[in-house]
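**Q** These protein sequence lines are chains A and B, in that order.
This note's numbering numbers the first residue of the first sequence as 1 and each following residue consecutively.
This note's numbering numbers the first residue of the second sequence as 365 and each following residue consecutively.
Careful: at least some of the hints might be erroneous.
Said to hold, decoys possible - Okay, the calculated bits of chain A under chain B, using three or more residues with CB under 8 Å as the criterion:
{"#": "1", "stretch": "106 to 116"}
{"#": "2", "stretch": "131 to 144"}
Claimed, not checked - Sample of chain A residues facing chain B (criterion: CB under 7 Å; computed from the structure):
{"#": "3", "residue": "A100"}
{"#": "4", "residue": "L103"}
{"#": "5", "residue": "H208"}
{"#": "6", "residue": "G227"}
{"#": "7", "residue": "A243"}
{"#": "8", "residue": "C244"}
{"#": "9", "residue": "R246"}
{"#": "10", "residue": "P293"}
{"#": "11", "residue": "A297"}
{"#": "12", "residue": "A336"}
{"#": "13", "residue": "F339"}
{"#": "14", "residue": "L345"}
Derived by calculation from the structure, the hints in this document are not laboratory data.
Glycine is no exception: its CB is placed at the ideal position from the N, C-alpha and C atoms.
Protein chains: 2
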Amino acid sequence: MHVLDLTKPDGRPLTLYGRSELRGIDDAPSPFSTPVAATAHLRWHPLRGEWVTYAAARQERTFQPPPEYDPLAPTRDAQAPTEVPAGNWDVAVFGNRFPALSLGAREAPPAVVESRPAVGACEVIVYTQAANGSLGTLPLDHLELLIQVWADRTRRLAADPSIRYVLPFENRGTAVGATLAHPHGQLYAYPVVPPVPLRMHDVARAHHAEHGVGPLQALVAREREAGTRVLYDGDAAVAFVPACARYPYEVWIAPHAAVPDFASLSGAQRADLARALKTVVLKYDGLWDRPMPYVMAWYQAPLDGDPHPEAHLHAALCPPYRSRERLKYLAGTELAAGFFTMDVLPESTAAELQAVTVDLASPA
Amino acid sequence: MHVLDLTKPDGRPLTLYGRSELRGIDDAPSPFSTPVAATAHLRWHPLRGEWVTYAAARQERTFQPPPEYDPLAPTRDAQAPTEVPAGNWDVAVFGNRFPALSLGAREAPPAVVESRPAVGACEVIVYTQAANGSLGTLPLDHLELLIQVWADRTRRLAADPSIRYVLPFENRGTAVGATLAHPHGQLYAYPVVPPVPLRMHDVARAHHAEHGVGPLQALVAREREAGTRVLYDGDAAVAFVPACARYPYEVWIAPHAAVPDFASLSGAQRADLARALKTVVLKYDGLWDRPMPYVMAWYQAPLDGDPHPEAHLHAALCPPYRSRERLKYLAGTELAAGFFTMDVLPESTAAELQAVTVDLASPA
Numbered sequence: 001m002h003v004l005d006l007t008k009p010d011g012r013p014l015t016l017y018g019r020s021e022l023r024g025i026d027d028a029p030s031p032f033s034t035p036v037a038a039t040a041h042l043r044w045h046p047l048r049g050e051w052v053t054y055a056a057a058r059q060e061r062t063f064q065p066p067p068e069y070d071p072l073a074p075t076r077d078a079q080a081p082t083e084v085p086a087g088n089w090d091v092a093v094f095g096n097r098f099p100a101l102s103l104g105a106r107e108a109p110p111a112v113v114e115s116r117p118a119v120g121a122c123e124v125i126v127y128t129q130a131a132n133g134s135l136g137t138l139p140l141d142h143l144e145l146l147i148q149v150w151a152d153r154t155r156r157l158a159a160d161p162s163i164r165y166v167l168p169f170e171n172r173g174t175a176v177g178a179t180l181a182h183p184h185g186q187l188y189a190y191p192v193v194p195p196v197p198l199r200m201h202d203v204a205r206a207h208h209a210e211h212g213v214g215p216l217q218a219l220v221a222r223e224r225e226a227g228t229r230v231l232y233d234g235d236a237a238v239a240f241v242p243a244c245a246r247y248p249y250e251v252w253i254a255p256h257a258a259v260p261d262f263a264s265l266s267g268a269q270r271a272d273l274a275r276a277l278k279t280v281v282l283k284y285d286g287l288w289d290r291p292m293p294y295v296m297a298w299y300q301a302p303l304d305g306d307p308h309p310e311a312h313l314h315a316a317l318c319p320p321y322r323s324r325e326r327l328k329y330l331a332g333t334e335l336a337a338g339f340f341t342m343d344v345l346p347e348s349t350a351a352e353l354q355a356v357t358v359d360l361a362s363p364a
Numbered sequence: 365m366h367v368l369d370l371t372k373p374d375g376r377p378l379t380l381y382g383r384s385e386l387r388g389i390d391d392a393p394s395p396f397s398t399p400v401a402a403t404a405h406l407r408w409h410p411l412r413g414e415w416v417t418y419a420a421a422r423q424e425r426t427f428q429p430p431p432e433y434d435p436l437a438p439t440r441d442a443q444a445p446t447e448v449p450a451g452n453w454d455v456a457v458f459g460n461r462f463p464a465l466s467l468g469a470r471e472a473p474p475a476v477v478e479s480r481p482a483v484g485a486c487e488v489i490v491y492t493q494a495a496n497g498s499l500g501t502l503p504l505d506h507l508e509l510l511i512q513v514w515a516d517r518t519r520r521l522a523a524d525p526s527i528r529y530v531l532p533f534e535n536r537g538t539a540v541g542a543t544l545a546h547p548h549g550q551l552y553a554y555p556v557v558p559p560v561p562l563r564m565h566d567v568a569r570a571h572h573a574e575h576g577v578g579p580l581q582a583l584v585a586r587e588r589e590a591g592t593r594v595l596y597d598g599d600a601a602v603a604f605v606p607a608c609a610r611y612p613y614e615v616w617i618a619p620h621a622a623v624p625d626f627a628s629l630s631g632a633q634r635a636d637l638a639r640a641l642k643t644v645v646l647k648y649d650g651l652w653d654r655p656m657p658y659v660m661a662w663y664q665a666p667l668d669g670d671p672h673p674e675a676h677l678h679a680a681l682c683p684p685y686r687s688r689e690r691l692k693y694l695a696g697t698e699l700a701a702g703f704f705t706m707d708v709l710p711e712s713t714a715a716e717l718q719a720v721t722v723d724l725a726s727p728a
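Make a model of the complete structure from these sequences and hints.
**A** Pasting the structure below:
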């Protein structure tokens, strides 16, 4: 992995990653010239016992720009800079222009609930220079590089003692609010372990204490043995519709072994996770012959300095559809109670996805 | 409150409620003739430590019927029965034809995760005979009756030892997936305390132990004193955009005093909650001169036989918009991490709603 660190004219960091040596790239462009305002703050939600971030500047953010403008494509004209330079990079990472969390956050206005500066980081991860395509159309070694990038971002952010959790995720498609079609993901670094990973951590720790293995390691073994819902099972990684799916086409991707984070992956595990990820996205897009919208998140162990034998790196991909034409709306019971209702069985959607054939060797 | 219990030809219960005596209503109609299948089951999500319900029959449920068919309007033609009869009732409650939870659930297929029958109840609450309108256009004494109905449903369902939590809610508008425009809500009775109320209960209990009051009672006092975000403040109830709102136009409604459930409300509290609720919905619909979509949920104490001095009955109304034209999408950080980001300050949306004038006396 080749790495080049640059700074944009508005002060935001840009890191370029390449499979081959990065040459002749001098400048980090930006469509913006003024410095980013680190004005977000957190407020405590005293009923749910969680933090909410308030970033009023975000309301003005870029929204569905005209199709001719792609801020994530390499800059071709210095007079119309995008977020990334020309050059032979494969993956680019830069600070979000409208961050909900900032390492520079210093102030929080007083409120009737506890408040504090919204310390953290919001990064944009450009998967490729190509304006079209997906994680399914990238070559496998490009996906392996992306997994290395997630590891490198986590390592860098974890070095800041204010960061407690790093979550790479992707919002794909307008159905989940994505504003740019260029293949990209995001990464949030939080100053706390957020509610969902915190709950998962507590549950996993209790399971590990009782059974000697984490709950995902136990489930992976049972799902692989059953095979009914498995979409990919390689040397070191598996992808499956979990028996406990909360979304009809939900898929999890995990190494067979309980690895706590990206940094702990072996080369063989990384390579097989790339195959699993490519398989899932190709199956999604093949199912209805159109790009499948989804929210993808990669869960790692909390950054608290403790060992995490109960933690098990994995991705959850959750498409918002319950059939080709029907969205799954989250409403009363899901949002207000946290109790999910499923209209279809995971066995049935898994069979649909199993029937989609994919070619991992494409593009040649 | 006048009450009439009936049974539909397909076996589902129907209860009619009236402000005046109910006369001359003999039959409970149903658009369906075959019995409801109580085939849903629960599966344990071993990573999140929560139950998910699987009701495959729901996929076939009524979806956006043609505008001329309103299954929640009184039956006019015995050859084309709706869900409710003609007569002088004000509010009707019946069992959902496609329940995600059923008191009759008896079986659960084996799965690679723990499974159990989906015991519980899913009820539809028809707010009025009128096909149009809202909680804002009903007279105040009709809203008071509705609050009594929520109390009566809770009391009846709590009598079943398998029920641990009762949640009345409303999904309003196609933006949150509502399939029928006729003013109505729903009620789920769960065999467990669902994840969100469970978390709120744990947080409230810890707060009460430390401070001697529950967190909502403390917040209500501070919000009323500040006034900045208050939309209604009467003799016994208050409505406000909470300082910790997770949705731009989120509003909470609560009695001033920490009442654990609907059954514990005094007549004066019920009357003032009706005024607060009517105020909020009229302000919502006046803000952009169109019906505001929202998810409304009313939180009560868990049904575990213990006293709940920490519990504080309240409603949270969460519209899915962040401005007139823009939806607030829930995506990576909200859904995958449970960490909410706000683009606007609650102070700002509260000021917008405060500026909308309402007439509680309408209709005369």
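**Q** Next, verify each hint and record whether it holds.
**A** Quick rundown of the hints versus the structure:
| no. | hint | in the structure |
| --- | --- | --- |
| 1 | 106 to 116 | holds (count 3) |
| 2 | 131 to 144 | violated (count 0) |
| 3 | A100 | holds (4 Å) |
| 4 | L103 | violated (17 Å) |
| 5 | H208 | violated (12 Å) |
| 6 | G227 | violated (10 Å) |
| 7 | A243 | holds (5 Å) |
| 8 | C244 | holds (4 Å) |
| 9 | R246 | holds (5 Å) |
| 10 | P293 | violated (10 Å) |
| 11 | A297 | holds (3 Å) |
| 12 | A336 | holds (3 Å) |
| 13 | F339 | holds (4 Å) |
| 14 | L345 | holds (6 Å) |
The structure shown violates the earlier hints numbered 2, 4, 5, 6, 10.
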